[in-house]
Amino acid sequence: MSSPAGVIHDIGYQRYDGERLGRGDTFLALYSQSLRTVFGLGRSFKAKIFPWLVVAVVAIVGIVVMAIRSQTGEVVLTYAMFPQVLSTLLVLFVAIAAPELVSRDLHSGVLPLYFSRPLRPADYAMAKLAALVTGIVLVFGGGQILVFIGAAFSVKGFGNVMNELADMGLGIIYTALYALVFGSIAVLIASLLKRRAVAAAAIVGSFLVTAPIVGVLSILPSESVRELAGLVNPVSLVSGVGDWLFEPSNEAGFGVGSFGPLYALVTIGLIAACATLLVTRYRKVSQS
Amino acid sequence: MTLGHTLRRVTLIATESLTKTYGGRVTALSDLTVSVEPGIIGLVGANGAGKSTLIKILLGLLPPTSGRVQVLGLDPTVDPMGVRARVGYMPEHDSLPPDLSAAELVTHLGRMSGLPKTTARERASEALRHVGLYEERYRQVGGYSTGMKQRVKLAQALVHDPDLLLLDEPTNGLDPAGRDAMLTLVQRIGTEFGISVVVCSHLLGEVERICDHLIAIDGGKLLRSDNVSAMTTSTDVLVVEVSEGDGELEARLLEMRLPVTRDGHALLIPLEDDLTYDRILTAVADLDLPLHRLDQRRHRVAELFADREAAHV
Numbered sequence: 008m009s010s011p012a013g014v015i016h017d018i019g020y021q022r023y024d025g026e027r028l029g030r031g032d033t034f035l036a037l038y039s040q041s042l043r044t045v046f047g048l049g050r051s052f053k054a055k056i057f058p059w060l061v062v063a064v065v066a067i068v069g070i071v072v073m074a075i076r077s078q079t080g081e082v083v084l085t086y087a088m089f090p091q092v093l094s095t096l097l098v099l100f101v102a103i104a105a106p107e108l109v110s111r112d113l114h115s116g117v118l119p120l121y122f123s124r125p126l127r128p129a130d131y132a133m134a135k136l137a138a139l140v141t142g143i144v145l146v147f148g149g150g151q152i153l154v155f156i157g158a159a160f161s162v163k164g165f166g167n168v169m170n171e172l173a174d175m176g177l178g179i180i181y182t183a184l185y186a187l188v189f190g191s192i193a194v195l196i197a198s199l200l201k202r203r204a205v206a207a208a209a210i211v212g213s214f215l216v217t218a219p220i221v222g223v224l225s226i227l228p229s230e231s232v233r234e235l236a237g238l239v240n241p242v243s244l245v246s247g248v249g250d251w252l253f254e255p256s257n258e259a260g261f262g263v264g265s266f267g268p269l270y271a272l273v274t275i276g277l278i279a280a281c282a283t284l285l286v287t288r289y290r291k292v293s294q295s
Numbered sequence: 028m029t030l031g032h033t034l035r036r037v038t039l040i041a042t043e044s045l046t047k048t049y050g051g052r053v054t055a056l057s058d059l060t061v062s063v064e065p066g067i068i069g070l071v072g073a074n075g076a077g078k079s080t081l082i083k084i085l086l087g088l089l090p091p092t093s094g095r096v097q098v099l100g101l102d103p104t105v106d107p108m109g110v111r112a113r114v115g116y117m118p119e120h121d122s123l124p125p126d127l128s129a130a131e132l133v134t135h136l137g138r139m140s141g142l143p144k145t146t147a148r149e150r151a152s153e154a155l156r157h158v159g160l161y162e163e164r165y166r167q168v169g170g171y172s173t174g175m176k177q178r179v180k181l182a183q184a185l186v187h188d189p190d191l192l193l194l195d196e197p198t199n200g201l202d203p204a205g206r207d208a209m210l211t212l213v214q215r216i217g218t219e220f221g222i223s224v225v226v227c228s229h230l231l232g233e234v235e236r237i238c239d240h241l242i243a244i245d246g247g248k249l250l251r252s253d254n255v256s257a258m259t260t261s262t263d264v265l266v267v268e269v270s271e272g273d274g275e276l277e278a279r280l281l282e283m284r285l286p287v288t289r290d291g292h293a294l295l296i297p298l299e300d301d302l303t304y305d306r307i308l309t310a311v312a313d314l315d316l317p318l319h320r321l322d323q324r325r326h327r328v329a330e331l332f333a334d335r336e337a338a339h340v
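Going down the list, the sequences are from chains A and B. The working numbering numbers the first residue of the first sequence as 8 and each following residue consecutively. The working numbering numbers the first residue of the second sequence as 28 and each following residue consecutively.
Calculated directly from the structure, the hints in this document are not laboratory data. What you were told as hints is all true, and nothing was included just to trick you.
Computed cross-link-like contacts, BS3-like style, restricted to lysine-lysine with a CA-CA straight-line distance of at most 25 Å:
(1) Lys201(A) / Lys55(A)
(2) Lys176(B) / Lys201(A)
(3) Lys176(B) / Lys53(A)
(4) Lys176(B) / Lys144(B)
(5) Lys201(A) / Lys53(A)
(6) Lys201(A) / Lys291(A)
Here are a few chain B residues that sit away from chain A, every Cβ distance over 10 Å (derived from the structure):
(7) Gly66
(8) Leu201
(9) Glu271
Some chain B residues near chain A, calculated using beta-carbon distances under 8 Å:
(10) Ala112
(11) His120
(12) Pro125
(13) His135
(14) Leu136
(15) Gly141
(16) Thr146
The model shown is predicted, which means the values in this text are computed figures rather than measured ones. Glycine is no exception: its CB is placed at the ideal position from the N, C-alpha and C atoms.
Next up, chain B with everything else stripped away, as it sits in the complex:
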């Protein structure tokens, strides 16, 4: 009992040689073995990489062709209802009837998850409030903006208080500000609400900043699955570019015991503390060089994946 409980807490999702082929010809997932702990997990891959197929298998909607799968310590092929009771799912595509209000829809779906009538109504308003919908929730969904619709889809996944959220492209169709708001919301759910989240996206740069763990798949195959902290081997990096005299600056910075590396014309310096900025600026000023660019770069994860993908191709 205790052991089972511990295992359940440690492993959120585990797959073993998970394979799904359609009609024996199209391979959607191929020999996928991953294991992740509770937290915010990014599932990254191009369109058609097998993300949606994986989600359907996790929900117990599709049977895998071979291999094993566990979600929250349950096997979705054996106990799909048990899994679905504890999981919330936000689909990628439009899935809201236009002539219902958000409050009615989320209440109804809460009841479909087994909440009693009054509880469903209360939790529906709470869920809608948490995603930032207040008085609008009594209006028909048909009149909502894309951003509001995405929020309703998120609220319906939250209404029954799941232990795991599966979000399929939650930032789809949103403008940059809307994307940021949605990602911040997802991050809050994962940290403050204490609900584990799997975020699917075809944009690595978008999810890497909110995730604890990243799984990258391509063509149904696992590219890499690792903790983000393990992937970002170095800390953030400062990029310095000067219009001329980059050699001089490099020499000066090395003199100052800053571990400089070169990337074309740009110089990369690991950002150790706030002083690093000042020291670089002082060096540039001393040498009287025209500073072209000085900013922080955090693309380590993307670079790691890019290397892998290049090797894969």
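Just chain A, with the same shape it has in the complex:
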């Protein structure tokens, strides 16, 4: 007897003997899904508002700088200054994205579903951090690319365009340094807090609280103390590294004097410490 057309047959449970991907592919799958989360893609409209607001502001800044550069040739904002000037916006961006990435998973209790699978807690932590760092570089590096486009139209000669391109490359690497420092601090804090709003406040707080200390230290009479003051706050820490790398002769601002290498060392140490604590945190979470 043939059955009538259009009837869906229950073919029963099918076993799966096909391909199973390895650790790297699983990591990439989690990383790309997390990168989408940073921008609220595949999520509700509400989740898209804040990240795209930041994108819009960065784009406007980039376009204005690009326009000024291409019309008048005046350099109002160097590539290195770009993330420095927009560091407040960067803090806002990580304060929105990091809780979305990790606090949400803690709150919903979904982590046991991850850690009962062949996914290492360290891989989970690193995929989330890598996604946030990539997101920051895409947004703020994108702004730097806009600045470059303006420059490419205003400078004369292929050689000068190549110089600009090299400057932009360095600028984007500097943005990546910002992304690593801000991202690792933000993800670490968010990984400790279940509620997204609380986590966002704690992240902003961690960047703000230390700022007045820098302010007080930088008006003390001792020059060494003034030059070391920037180490206390993540924003001034990374801008200190920038001052050392890009403007060694710059006397304006706090100035880092001869302590540039120390700033770089502390920065690297801070990233390493945050990443290590983050992995430790998730090893612990996987057992509970």
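Based on the hints, put chain B in the right spot on chain A.
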């Protein structure tokens, strides 16, 4: 190779003097030695008996303090990733992000188990269909009922086609009809799908009817581990109660060569075949006794555990 394969097929889970203490003071598992074959296994014990700790050790998430453990022929303390690739886990508590659809979530978790993208999507719809979620799977999980959420949790444990499912209190929060549906589903997975299942529950009566094997633990100690068929030493029992004349009825039934035993006012008769019913009814009618109750009882397993627990206390 052949030997290893056979062993793997014969032993699903084996533990040997498995002990877990937290901080050297709280003992979650104490000297637990069990060995079970593939099938549906009930893991029964009161809350805090050590069921969840045992599951975490089986998954390789917690290291045991001492003792040995094997799951599907693998040692989770040595090869946790190997074990987790072949095991599906359904946790007890809420574990679903409310703002994702069931289809998205199960697909994503399938990829986390190493399924390629397209396969993950296909198997996610299949798994959701098998647990009874069709068009609803495109809606956000936040709007689901408890029963639907439990089904999604079960689907995500099935998506990567595991050889063993660990279900922690799958009937938690469900109404009686929902409990029955869930247990029937678990039974289908164990029989038709050919996937071994460990069902944790604090209610023995609930899991005994679907299990091949029962493990009872209390305070981290093994109370009993045995095949259900070995535990139900007698077949089902008929309980007869009459308002008066139970002595007469007992005598009559013995006359009819039915092995009657007494339980207070009730008479217990092993149910041998459908005729037993008729013979009892005939006896009651002949004696013109007011029949109060005649039903089937299947609490043998529970009674066996009750005896053990009483002895233990």
